[in-house]
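Asker: These are the residues of each chain, in order.
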Amino acid sequence: MGFSKEQFLARLQELQIEFSQYEHPVVMTVEDQAKYVGNSEGGLSKNLFLKDKKNRFYIVSALADTKVDLKVLSQRLGLGKGGLRMAPEEALGEVLQVPLGSVTPFALVNDSARNVSLLLDQGFKGQERCLFHPLSNDMTISLNVCELDKFLRSIGRDSSYVDLEANPPVGKDNPPDLAALVPSDSIVLPDLPEKAASLQAPPKAHVVSNNKSTEITAKATEPSRKVKNVKDKPVNSVQPSSSFKDVGQFVEEILDKTSALLLSEITEETIKQHGQQLGVVVSNCIRERLASELKTDTTLYMQTAYTEGFHVARKMFQSTDIHHQFRCL
Amino acid sequence: MDSKAAERGASENEKETPQEQEQEQVVNPWEVAAKEGGKIDYDKLIDKFGCQRLDPSLIDRVERLTSRRAHVFLRRGVFFAHRDFNDILDAYERGEKFYLYTGRGPSSEALHLGHLIPFMFTQYLQEAFKVPLVIQLTDDEKFLWKNLTVEESRRLARENAKDIIACGFDIRRTFIFSDFDYVGGAFYRNMVEISKRVTCNQVVGIFGFIGEDHIGKYSFPPVQAAPSFPSSFPHLFSGKDNLRCLIPCAIDQDPYFRMTRDVAPRIGYHKPALIESLFFPALQGETGKMSASDPNSAIYVTDSEKVIKNKINKYAFSGGQDSIEKHRQLGANLEVDIPIKYLSFFLEDDAELEHTKKEYGSGRMLTGEVKQRLIEVLTKLVERHRRARAAVTDEMVDAFMAVRPLPNMFN
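Line order of the protein sequences matches chains S and E.
Anchor point for the first sequence: position 13 equals 13 in the working numbering, and the numbering is continuous, going up by one each time.
Basically the working numbering = 1-based index in the second sequence + 329.
Warning: the hint list may mix true and false statements.
Unchecked claim - Straight-line alpha carbon distances no greater than 27 Å define the calculated DSSO-like cross-link-like pairs of lysine-lysine that follow:
hint: 1; chain 1: E; residue 1: K459; chain 2: S; residue 2: K245
hint: 2; chain 1: S; residue 1: K53; chain 2: E; residue 2: K709
hint: 3; chain 1: S; residue 1: K54; chain 2: E; residue 2: K459
hint: 4; chain 1: S; residue 1: K81; chain 2: E; residue 2: K475
hint: 5; chain 1: E; residue 1: K709; chain 2: S; residue 2: K245
hint: 6; chain 1: E; residue 1: K459; chain 2: S; residue 2: K295
hint: 7; chain 1: S; residue 1: K295; chain 2: E; residue 2: K709
hint: 8; chain 1: E; residue 1: K426; chain 2: S; residue 2: K295
hint: 9; chain 1: E; residue 1: K635; chain 2: S; residue 2: K53
hint: 10; chain 1: E; residue 1: K640; chain 2: E; residue 2: K655
hint: 11; chain 1: S; residue 1: K54; chain 2: E; residue 2: K635
These are calculated hints, taken from the structure and not from any lab test.
As the structure is a prediction and not an experimental result, all values here were calculated from the model.
With the hints as extra help, turn the sequences into a complete structure.
Answerer: The following block contains the structure:
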């Protein structure tokens, strides 16, 4: 479950983080918030919850006056021109676990947000104090940036301060300067695919439905086997790109599929039916049913590994500005 | 791989005069229409084009040479015609390898099952024979023929590349290229050699170009012919001018490659061999046409389980009888039944297919059951494709499309 405002504030106190708090009626916009806390010392923040086309999420937290151009940011992250857009409402609840209008860097305290990338306006550093919502938009807290950094460190996060108004050129000779801030993992939300598809431009096959990854078996009478990881990590089982890079995960998935099939084939009935031959029967069955799928998965694994190798090699021989940084001996 | 209008055929083995053709079925890269709303007569087609039927002995030979069961498309006669495939097999037996060449005209983002068929088969050929493959994305062609900008056609090419990659090609032996990126150098030199050996009258004859057509169209055919020659890919086949080429494609592409085969000996290369497939029928039946404007005429790789179920149940043309009693009595008409046809493409189990045909044909099995089974099979297929597609990154596309050596491409 997500942290409540009270739990979060208690945590701040435990960490001996110095902050002031201001209660006010629920505010949905920065303008409204300014009405209540605009006079207090500190830079008011605006917080954007964004997602890219590959279901990776970002919080951009900036001073209210800082101009944030999503197109520029998208290019600087290496997502191309139209890669970033506002995340859908459902994602707010699922990923950040905060109500509408309460986006805040502090939402990263929730485990569900572990793959969300945080971009902080370097303008915060020039302020005595900064104002954020503490997981709920009926309160604002003000604290020094150092205290914010202290909090982020406590949850194992780095503070990435970015000049959000900068617009450096991005091209063949100028790699996207913020590319390192792109999360390595995407987050696929349950029951979202149909809605997500209608929110986005024409068919993007990237959104793979979590709940719909059921194996349709050869015979209609067979129980349907779920491709889901038996350890029930819904996010991981539908992220092909990560399981095709992680050996452990890859092997786990193969073993899950095999053991699921094995277990479904060994029943009282089949034992009675085949007796001592059951081993041979099940073995053949596994081979027949899984061969094709395992081949597909392994091909993807191999393709991913090759692609990584290819890009490393390309990088090694591409960089002209860092003379002889990489060498083949 | 498209071109326009009535096919007349440039050279090899053409028997009919233009007048005789008008009353017949029409098959060319642009148009496929059966006679009087009937079915395509493939025997006549083979006869007219002058290619050969793929007989069972060739299939046996493939199984022996590759030490594995022939692909379901071969067993069921989906790939049913060829030119010089036996020469390819003869050479293979002698230890002489070959390379595969196929392609796609990236005109839309959405691919349907019909589009996947040549790629699924090519993937099998690559795996079974362990040979390299070049895949041409004719983005220039689509720009020339359709209302697209250059940027848009290049973008579509990359998007289509992802679906193609999802078919499971071996990245260690596959080179994907877009015309806009790759044409030049040795490839272009071959294009010009080819252009010098094909007359305006010939392309008008094959593709039906007219005086008002812009010159881009006239100059396109050599682009699609060039990949048939190994010297077009110096980074892959340098020094291997004798390497043979096998082109898996749908039979409507035959006129195109007849032109190429005609030119080949004149510039000192082997004629490319062809292995050709039937047309994949639209959901509404063989007489119907799969069209991008009617999403219900085909199953798309982006269709969800629900959509597939709905499309099959609602639109798949059934050969079953109107009432259950009549059906039990007369059985289904397997000749026109679409679910059975689709199952013969995609249901791997020969025994199950035979059984289903028998039961359905005799009336013991109902249409609903057959459709249900088809929905299962297609859902599994589409699901697997989607899963693979989701794992294809832009970086992976870059790697497939990089002009790079492919060491061990024959191992």
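Asker: Now, for every hint given, state plainly whether the structure supports it.
Answerer: Hint by hint, here is what the structure shows:
{"no.": "1", "hint": "K459/E with K245/S", "in the structure": "25 Å, holds"}
{"no.": "2", "hint": "K53/S with K709/E", "in the structure": "25 Å, holds"}
{"no.": "3", "hint": "K54/S with K459/E", "in the structure": "34 Å, violated"}
{"no.": "4", "hint": "K81/S with K475/E", "in the structure": "25 Å, holds"}
{"no.": "5", "hint": "K709/E with K245/S", "in the structure": "24 Å, holds"}
{"no.": "6", "hint": "K459/E with K295/S", "in the structure": "15 Å, holds"}
{"no.": "7", "hint": "K295/S with K709/E", "in the structure": "15 Å, holds"}
{"no.": "8", "hint": "K426/E with K295/S", "in the structure": "24 Å, holds"}
{"no.": "9", "hint": "K635/E with K53/S", "in the structure": "24 Å, holds"}
{"no.": "10", "hint": "K640/E with K655/E", "in the structure": "25 Å, holds"}
{"no.": "11", "hint": "K54/S with K635/E", "in the structure": "24 Å, holds"}
This entry does not satisfy hint 3, going by the numbered hints stated previously; all others are met.
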